[in-house]
Amino acid sequence: MPFACIFVPDFPVEALLRAEPELRTQAVAVLEGKAPLQKIFAVNQKARLVGISPEMTKVQVEACSDLVLRVRSSLQEAAAHAALLDCAQSFSPQVEDASCDTVLLDLAGLEPLFGPLPKIARDLARCACDLGLETNVAVASNPDTAVLAAHGFAGVTVIPEGKEAEQLGSLPVEVLWMGSGSQIQEIFERWGIRNLRALAALPSIALSERLGQEGIRLQQLARGRTFRSLVPIEPPLVFEEGIELEYPLVLLEPLAFLMSRLLEQLCARLSARALATQELRLHLELENGFHAGDTEECGIFDHVGTGTLSYLERTQSRRSFHRTLRLPVPLLDPKVFLKLLQLDLNAHPPGAPIVKIHLSAEPVRPRPAQNELFLPPSPEPEKLELTLARIAGIVGSNKVGSLQLLDTYRPETFQMRRFAPAPIDENGSREPKSARNNQKREEIGLKRSSDRSQGQTGFETAVTALRIFRPPLRATVTLHQGRPVRIACPKRKEACGEILWAAGPWRSSGDWWEQEGWSRDEWDITLQETTGITLYRLVRDLFSGRWLLEGSYD
Amino acid sequence: MFSPVFSEQMGRAVTFVPEPEPVLALRRLAALPKLAGVTPASQLGIRPLPEMVSSGIREIDALTGGLPRGCLSEICGPSSSGRTSVLLAVLAAATRRGEVGALVDTTDALDPISAASAEVDLERLLWVRCGKSNIESRTSDCGSQTSNIGFEGRDAGFDDRCPSHRRGPTPQLRSLEQALRVTDLLLQSGGFGLIAIDLGDVPHTAARRIPLASWFRFQRAVETTPTVLLVVDQEACAQSCAALLIRLQSSILGRQSSGEELSIFSDPLSERDPNWPTQAQLLDGLHIEGELLRSRLGRKPSQSVTAAFATRAVRIA
Chain L
1 MPFACIFVPD
11 FPVEALLRAE
21 PELRTQAVAV
31 LEGKAPLQKI
41 FAVNQKARLV
51 GISPEMTKVQ
61 VEACSDLVLR
71 VRSSLQEAAA
81 HAALLDCAQS
91 FSPQVEDASC
101 DTVLLDLAGL
111 EPLFGPLPKI
121 ARDLARCACD
131 LGLETNVAVA
141 SNPDTAVLAA
151 HGFAGVTVIP
161 EGKEAEQLGS
171 LPVEVLWMGS
181 GSQIQEIFER
191 WGIRNLRALA
201 ALPSIALSER
211 LGQEGIRLQQ
221 LARGRTFRSL
231 VPIEPPLVFE
241 EGIELEYPLV
251 LLEPLAFLMS
261 RLLEQLCARL
271 SARALATQEL
281 RLHLELENGF
291 HAGDTEECGI
301 FDHVGTGTLS
311 YLERTQSRRS
321 FHRTLRLPVP
331 LLDPKVFLKL
341 LQLDLNAHPP
351 GAPIVKIHLS
361 AEPVRPRPAQ
371 NELFLPPSPE
381 PEKLELTLAR
391 IAGIVGSNKV
401 GSLQLLDTYR
411 PETFQMRRFA
421 PAPIDENGSR
431 EPKSARNNQK
441 REEIGLKRSS
451 DRSQGQTGFE
461 TAVTALRIFR
471 PPLRATVTLH
481 QGRPVRIACP
491 KRKEACGEIL
501 WAAGPWRSSG
511 DWWEQEGWSR
521 DEWDITLQET
531 TGITLYRLVR
541 DLFSGRWLLE
551 GSYD
Chain V
1 MFSPVFSEQM
11 GRAVTFVPEP
21 EPVLALRRLA
31 ALPKLAGVTP
41 ASQLGIRPLP
51 EMVSSGIREI
61 DALTGGLPRG
71 CLSEICGPSS
81 SGRTSVLLAV
91 LAAATRRGEV
101 GALVDTTDAL
111 DPISAASAEV
121 DLERLLWVRC
131 GKSNIESRTS
141 DCGSQTSNIG
151 FEGRDAGFDD
161 RCPSHRRGPT
171 PQLRSLEQAL
181 RVTDLLLQSG
191 GFGLIAIDLG
201 DVPHTAARRI
211 PLASWFRFQR
221 AVETTPTVLL
231 VVDQEACAQS
241 CAALLIRLQS
251 SILGRQSSGE
261 ELSIFSDPLS
271 ERDPNWPTQA
281 QLLDGLHIEG
291 ELLRSRLGRK
301 PSQSVTAAFA
311 TRAVRIA
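Going down the list, the protein sequences come from chains L and V.
This note's numbering puts the first residue of the first sequence at 1, with every later residue one more than the last.
This note's numbering puts the first residue of the second sequence at 1, with every later residue one more than the last.
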């Protein structure tokens, strides 16, 4: 039963390099501790070559000009560990979380799916590389041998069954303690045992007499003859990426640069788990906190019709800034996410320098990409979202979308909704929604299409459309025997003069049981204009007695 | 300059015939390597006729053959001429086909009740309401993509005598500019079966300021797509970019208390006294006449062709 181990050497450094991949060619050291007493916690291979080692103080290493120093980030380490688990989970459901930098997985039964063991090992390394981690991958017949090989050998190692002792023999005995010192290690050093081959060759009984069961266990490890079961875990589907900044960001352009990296990592992790996202949350920590004006600017506009983006919740802490990106369909394109976040931040800037960026995605199953060949064209969801966000940047987020009629007779009652056209079925019909439309029309008192002359070819009698004046125009109306005979509308100079024809009144009222009751008379009037006869809808508000020009028939 | 060409006629002696200069120049041009791949205009294939889709009104379809995909169509007419009625019928037909439609509403004039009663599938209609906006276009992204969309004179060429130029664009011009930029974004996005620009309440003086380059850009953007680009305005402003131009005019249909329909105001002054409506008279609709002014899809008709149809008034009851 084969097992694989994925090990990330210099894990704290790798977690940082994952967010800053351009530092891979440089010597990097990670600092830990409070400011005057900071010490080196981890270094990469290039830093070791220039003589930097852990436990050195910051003052000692500052003399090295080529060394890049970074502060240890628990946020990035957690994200890197989650990425490591995602990498393993993308291959096998049986995954053991051995430590923050080591993951074991059971490869039993995977060969028919992914190919022979060497190919699986290479694919694991490639997958980890796609997630921004440089790893050692080892495949062996038991978990402990795989862990030792991953810690001891760089790159990809495959140990055939029965050759564990031979392959592990060249490894130093320090690999048994994974870098942490031990009293037995000093004993081995005094005995002159430098590698696992020498340890494996020792007589077991004599070793047991001197070192007890621990000695026997170490020898079994060196011989590759241990066996244990994995302790599988089921990592939660939490996809979060973050970065803490050394210097506060004040411009959106460098922020977009950093968000791009985080989004790429996030999408790579989602892709490794064959998932997509429909909700993306951006959390920014600000240096100076919100001013009152900033809070107003980023106010809650979560009502229907705000478009693509909405502000989820008022920040609990005054030093944080939240934005939530909700999508109508599951997407997995970091460029689209970045552009949408950019457009949203352009419209709603944070208002203070940014010191920490945190992105999280709500995982959902990806949508099936296969469409019918003969369906009518419809916008691609990714492009449509970008287009809607750009249009919202031009006209305002509450002025773009699809409209929905409300169940009331009150005029001008509708609401804007996010535009998300539902896909039509294979026959091109949308029966359920048509039924809903008919129901809605009945609710608002309009005749059904069956009442009209509708041919079999889909032709219908055109309706006389009204063009609404928003807001309605105040007018002064002269009455004669209760009928309007003359009108003057200061805001529309054409709508002035003698009324040629008037029909009405059409009286309607509603909501009288509430405070916002309404009652009005509608008149259809005709005026002679320079371009010809124009037909208007004139309304008298019976509560206020005001005359309003509501629109023109066209 | 002569090119010696041998000519042999009926066994006579060979003589030199000088070749005409234009022919020589053309041959030399054709020999240039840069022009080797250029197809002469005389050998270009005939562009296939665009697919026509129904406008939703039988009479309009009979008049024009429908609306062409991949072309800019224009419907013009004065107020109360039935432009919006036709627009809603076109939108309803598009959504009935399962397509996604977009309405760029320059003056925010769409009546939802009219749209619903015209059988427009509101879920498949993207409504962009131009006009007042809290957000001034500060996004560099939008600006960079549509930098060449806008009015003559926002950057250059605006009438210097116009005082609004010094104070910035008027709200009307601003909403018009928004409409153009939104249309450009929608065309770039693709996938829409119909994109309609409603300039019905925009004065013709303002609509005429839309540069021809914008219309050409729209025409170029739409010609490779299956989208119907429809412009509704008071007077034709897309000029030669419009493949189809229809002018509408109407008279008003009333209804007497007896239920009899009548057309009034064909001559308002003469019919005013006998037909002065009573309380029970209501607007019953519009009698619309459409005239085909331009169609690039067929030969120009020898005389004016028109079609007439009536609309039905909608009352919430």
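Just so you know, these hints were derived from the structure itself, not from any lab.
One or more hints might be untrue.
[Claimed, not checked] Derived Cβ-Cβ restraints for the label pairs, each shown as a range:
{"no.": "1", "chain 1": "V", "residue 1": "Glu-223", "chain 2": "L", "residue 2": "Glu-287", "range": "50 to 56 Å"}
{"no.": "2", "chain 1": "L", "residue 1": "Glu-412", "chain 2": "V", "residue 2": "Arg-220", "range": "25 to 31 Å"}
{"no.": "3", "chain 1": "L", "residue 1": "Pro-490", "chain 2": "V", "residue 2": "Glu-235", "range": "23 to 29 Å"}
{"no.": "4", "chain 1": "V", "residue 1": "Thr-205", "chain 2": "L", "residue 2": "Glu-514", "range": "41 to 47 Å"}
{"no.": "5", "chain 1": "V", "residue 1": "Glu-223", "chain 2": "L", "residue 2": "Gly-109", "range": "24 to 30 Å"}
{"no.": "6", "chain 1": "V", "residue 1": "Arg-220", "chain 2": "L", "residue 2": "Arg-474", "range": "58 to 64 Å"}
{"no.": "7", "chain 1": "V", "residue 1": "Glu-235", "chain 2": "L", "residue 2": "Leu-479", "range": "48 to 54 Å"}
{"no.": "8", "chain 1": "L", "residue 1": "Glu-514", "chain 2": "V", "residue 2": "Arg-220", "range": "52 to 58 Å"}
{"no.": "9", "chain 1": "V", "residue 1": "Glu-235", "chain 2": "L", "residue 2": "His-480", "range": "32 to 38 Å"}
{"no.": "10", "chain 1": "V", "residue 1": "Glu-223", "chain 2": "L", "residue 2": "Leu-251", "range": "39 to 45 Å"}
{"no.": "11", "chain 1": "V", "residue 1": "Thr-224", "chain 2": "L", "residue 2": "His-480", "range": "57 to 63 Å"}
{"no.": "12", "chain 1": "L", "residue 1": "Arg-273", "chain 2": "V", "residue 2": "Arg-296", "range": "39 to 45 Å"}
{"no.": "13", "chain 1": "V", "residue 1": "Ala-25", "chain 2": "L", "residue 2": "Leu-375", "range": "41 to 47 Å"}
{"no.": "14", "chain 1": "V", "residue 1": "Arg-28", "chain 2": "L", "residue 2": "Leu-251", "range": "54 to 60 Å"}
[Said to hold, decoys possible] One side of the interface only, derived from the structure: several residues of chain V facing chain L at Cβ under 10 Å:
{"no.": "15", "residue": "Glu-21"}
{"no.": "16", "residue": "Ala-25"}
{"no.": "17", "residue": "Met-52"}
{"no.": "18", "residue": "Thr-84"}
{"no.": "19", "residue": "Leu-297"}
{"no.": "20", "residue": "Ala-313"}
For every residue, glycine included, the Cβ atom is placed at its ideal position computed from N, Cα and C.
Checklist entry - In ascending order, which of the hints set out earlier in this document are inconsistent with the structure? => result 2, 5, 6, 7, 12, 13, 15, 16, 17, 19
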